[in-house]
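Engineer: Here the protein sequences line up with chains A and B, keeping their order.
Going by the numbering used here, the first residue of the first sequence is number 28, and it counts up by one from there.
Going by the numbering used here, the first residue of the second sequence is number -2, and it counts up by one from there.
These aren't lab readings, by the way, just hints derived from the structure by calculation.
Misleading hints may appear alongside valid ones.
As the list claims (entries may be wrong) - Computed cross-link-like contacts, SDA-like style, restricted to lysine to any residue with a CA-CA straight-line distance of at most 25 Å:
1) B:Lys54 - B:Arg6
2) A:Lys96 - B:Asn98
3) A:Lys69 - B:Ala35
Unchecked claim - So the derived label-pair ranges between C-beta atoms look like this:
4) B:Val112 - A:Lys69: 41 to 49 Å
5) A:Glu72 - B:Ala35: 13 to 21 Å
6) A:Ala37 - B:Val71: 35 to 43 Å
In this text the structure is predicted, and so the values were computed from the model without any measurement.
Using N, Cα and C, we set each Cβ at its ideal position, and we do this for glycine too.
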Amino acid sequence: EDQVTQSPEALRLQEGESSSLNCSYTVSGLRGLFWYRQDPGKGPEFLFTLYSAGEEKEKERLKATLTKKESFLHITAPKPEDSATYLCAVNPSGQNFVFGPGTRLSVLP
Amino acid sequence: GAGVSQSPRYKVAKRGQDVALRCDPISGHVSLFWYQQALGQGPEFLTYFQNEAQLDKSGLPSDRFFAERPEGSVSTLKIQRTQQEDSAVYLCASSLAHGGNTEAFFGQGTRLTVV
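Generate the whole structure from the sequences, applying the supplied hints.
Structural biologist: Below you can see the structure in the form of structure tokens.
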């Protein structure tokens, strides 16, 4: 069964304190690992797609990396506006994004 | 429009009432997904359309849930005889291609509360 888990469940950081979020997956065939950001009361906002082990992508203070079994979202020198829930997902069948439960990130000023 | 649009944003239904939720995907997007999201959890898959064809409805929780996309564009998720456990945010997403290797773009969601 295709499965995605994320850790930690919640993370509190001080502004400027770098950290990483983990996404572990078990899938029959990886067609992409997707990271989304979700703010309260809004739909998920697309951040990155990673396709193969060793791939990295960056956007502002965020960098996503991928191995054969997990992905990391590194947050460098976060700001309060980075506070959100970060979701990862896979779509092994092409018809169904399987999401993890998310990591709730709070960045305190 | 530029993004995926869902309406209404909020819906309060009395138990037993039927509801219809609308999704306008990004123009030209082939794939359309419906998800259900409970508070504090990740989205859970409901159903998938490729153009007008409903290729996967394995996530629909009961036969009270029905979705359609008759012309391959706008989609409607209908819930009959709503129950309290149906209370959740319903998210619609669309992506340009079929195949799973293209990202999906989500709407703002419809928050359904059944009282």
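Engineer: It remains to establish, for every hint, whether it holds in the given structure.
Structural biologist: Results of checking the hints against the structure:
1. B:Lys54 - B:Arg6: Given pair lysine 54 of chain B, arginine 6 of chain B holds - Cα atoms ~23 Å apart, limit 25 Å.
2. A:Lys96 - B:Asn98: holds (17 Å)
3. A:Lys69 - B:Ala35: holds (13 Å)
4. B:Val112 - A:Lys69: 41 to 49 Å: Check failed, 24 Å falls outside 41 to 49 Å.
5. A:Glu72 - B:Ala35: 13 to 21 Å: The hinted range 13 to 21 Å holds for glutamate 72 of chain A and alanine 35 of chain B, with Cβ atoms some 19 Å apart.
6. A:Ala37 - B:Val71: 35 to 43 Å: At 37 Å between Cβs, range holds.
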